[in-house]
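Engineer: Once you have looked at the hints, place chain D with the ligands on chain U.
Here the protein sequences come in this chain order: U and D. The first sequence runs 1 to 165 under our numbering. The second sequence runs 1 to 270 under our numbering.
One should not assume that every hint holds.
What the hints assert, rightly or not - Result set (BS3-like, lysine-lysine): computed pairs, CA atoms no more than 30 Å apart in a straight line: (1) K152/D <-> K145/U; (2) K68/U <-> K56/D; (3) K13/U <-> K10/D; (4) K145/U <-> K208/D; (5) K53/U <-> K71/U; (6) K124/U <-> K149/U; (7) K208/D <-> K159/D; (8) K68/U <-> K139/U; (9) K147/D <-> K239/D; (10) K68/U <-> K152/D; (11) K10/D <-> K10/U; (12) K53/U <-> K176/D; (13) K79/D <-> K53/U; (14) K53/U <-> K68/U; (15) K194/D <-> K88/D.
If you're looking for bench data, these hints aren't it; they were derived computationally from the structure.
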Amino acid sequence: MEGAFTVNGKNRKFTFTPDERLLFTLRENGYTEVKNGCQEGECGACLILLDDKPVNSCQVLTASAIGKNIKTVKRIGDLHSPHIIQRAFVETGAVQCGFCTPGMIIATYALLRDNPDPSEEEIKNALDGNLCRCTGYVKIIEAVKLAAKRMKIGVMEYWSTGVVE
Amino acid sequence: MRDLNWYFPKSIAEAVDLVQQGKVFPHAGGTGLLSRGFTGINGLIDLSCLPLHYSKIENDSVEIGSMNTYAEAVSVLMKVDPEHIIVKSLCNSAKTPLRNRITIGGSIAYFPLWSDLMSALLALDADVMLIGKNDGQFPVEEYINNKEVRDKSLITAVKFNLSNWRSYHYRDIRTKSDYPAFNITILLKQSLNKIEDSRVIIVGTGKKYSRLTNIEEYLINRDVGKINIGEIEKLVEVKFAGKRIEDPEYSSYLAGVELGRGIEQILRGH
Ligand SMILES: Cc1cc2nc3c(=O)[nH]c(=O)nc-3n(C[C@H](O)[C@H](O)[C@H](O)COP(=O)(O)OP(=O)(O)OC[C@H]3O[C@@H](n4cnc5c(N)ncnc54)[C@H](O)[C@@H]3O)c2cc1C
Ligand code: FES
Ligand code: FES
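Just chain U, with the same shape it has in the complex (with noise of 0.2 Å):
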């Protein structure tokens, strides 16, 4: 079957079968920045944004975001102007694989987005559908807690300068 929805900013058609996962037809389109964990809606690798919710796409059917908005982690940021929730993870080590990275990374924006001075236990909360095998997650809060002030302090000042305290 075919259907449209908007990855990223841009409005394309797809074709899939009825029963394909969201997660496959964004990886077998070239989205492959949406990792393959577990497929169970245990990891959190999958993580995107539909609709500005992170969700598990690998728990969402392909169908069911016909007409509806998606991002991916390279919307928030990528290489060439990384967001400053992707500098903090970098800065402060939370990145080891970095299999785990996006779907963290959408955890993360979608956290700060709607309480941008978090508690650890809420950063705990709202990163609880994700899985690191690799850093044991101390690094992993520090680096949400360095987003949260940075972006607290102001994106244009966080830029002008490059560094804050």
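Structural biologist: Frame of chain U, contents of chain D with the ligands only:
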């Protein structure tokens, strides 16, 4: 894969007509359908464009449209009663991204053994609003137990009252990301030193759920000072089937201990 048609109705009436065909299933969050698989399903009806995404609170009565997600139901109730049992049961259910997808209607129709929602709805004596072959308002317990009521009907909303229950919800999990082996919901109403009313539900038992009427009876009209948690634990007789997550005998034992702890926590705050 064999034919599976998708339908995108523009009105509830159109969706109801589709449900009458049989073998054409509503699609809400899709998480239950994905784990069930599509055997015996000829078509899926996308409910996302229908006006089932609303919530109404009037006086004491709460109505939550079936297409609200767990996360949305929590945020609606947080505003009026942050201690509400639905808030307690759903805010830790599954995980954040899944709570953005799992819907109230899909979870009532699917009712898995690990359902956090259903123990709370059963304890609240909630009603399910249906449209289709059966139109009207039905107790959630009737919806669960009567196939005729469920048949070819669409859940449009769930209704319950905002009565001032003191509540407790327990999920039997090893790690935060586990499916619970079972869920306990306890509701108590206290006036002065007496328990006026009580509801005790365990979901995940051999019969899917159990209402512990003997515990409810033990509590009602009893002086708070005369409630003996040890006695309550001994009254808990629930059977768990098979070894789904943990040994059924261990689940029964644990249910007794956790039920006692729950009542203790409501009554004495620890
Ligand atoms: C990894 C994972 C962990 C989970 N953990 C938990 C947990 O800890 N606690 C918990 O409570 N839940 C949990 N769930 C959710 C639960 O297992 C079900 O997947 C969920 O409740 C189904 O809701 P849905 O909106 O996705 O329904 P769908 O999959 O869309 O539908 C489920 C069934 O209901 C029918 N249906 C849907 N909407 C309606 C309607 N309006 N009227 C009539 N019939 C309808 C469908 O046709 C289908 O048969 C978890 C799910 C996953 C994937
Ligand atoms: S791949 Fe989707 S949650 Fe693991
Ligand atoms: S960095 Fe390897 S899984 Fe998280």
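Engineer: Next step is simple, just say for each hint if it's right about the structure.
Structural biologist: Tested hints:
1. For the suggested pair K152/D and K145/U, the alpha carbons sit about 50 Å apart, so the restraint of at most 30 Å is broken.
2. Note on K68/U and K56/D: the hinted pairing holds, with a Cα-Cα distance of about 26 Å set against a maximum of 30 Å.
3. For the hint pairing K13/U with K10/D, the CA-to-CA distance comes to about 21 Å; that is within 30 Å, so the pair holds.
4. As the CA atoms of K145/U and K208/D are separated by approximately 42 Å, the hinted pair breaks the 30 Å bound.
5. Distance hint between K53/U and K71/U is fulfilled; the C-alpha atoms sit about 10 Å from each other, no more than 30 Å.
6. With a C-alpha separation of about 17 Å, the suggested pair K124/U and K149/U falls inside the 30 Å cut-off, and the hint holds.
7. Our distance criterion of 30 Å between C-alpha atoms is met by K208/D and K159/D, whose separation comes to about 22 Å.
8. About 34 Å separates the Cα atoms of K68/U and K139/U, which puts this hinted pair outside 30 Å; it is violated.
9. Taking the CA atoms of K147/D and K239/D, the gap is near 24 Å; set against the 30 Å cutoff, the hint holds.
10. A threshold of 30 Å between alpha carbons decides the hint, and for K68/U with K152/D the separation of about 28 Å falls inside it, so the pair holds.
11. Distance check on the hinted pair: K10/D and K10/U sit about 25 Å apart at the alpha-carbon level, within 30 Å; holds.
12. Taking the CA atoms of K53/U and K176/D, the gap is about 21 Å. The hint holds against a cut of 30 Å.
13. For the proposed pair K79/D and K53/U, the alpha carbon gap of about 20 Å is at most 30 Å, so the pair holds.
14. Note on K53/U and K68/U: the hinted pairing holds, with a Cα-Cα distance of about 11 Å set against a maximum of 30 Å.
15. Restraint check: the Cα-Cα separation between K194/D and K88/D comes to about 24 Å, which is no more than 30 Å; the hinted pair holds.
Taken one by one, the earlier hints fail for this structure at numbers 1, 4, 8, listed in ascending order.
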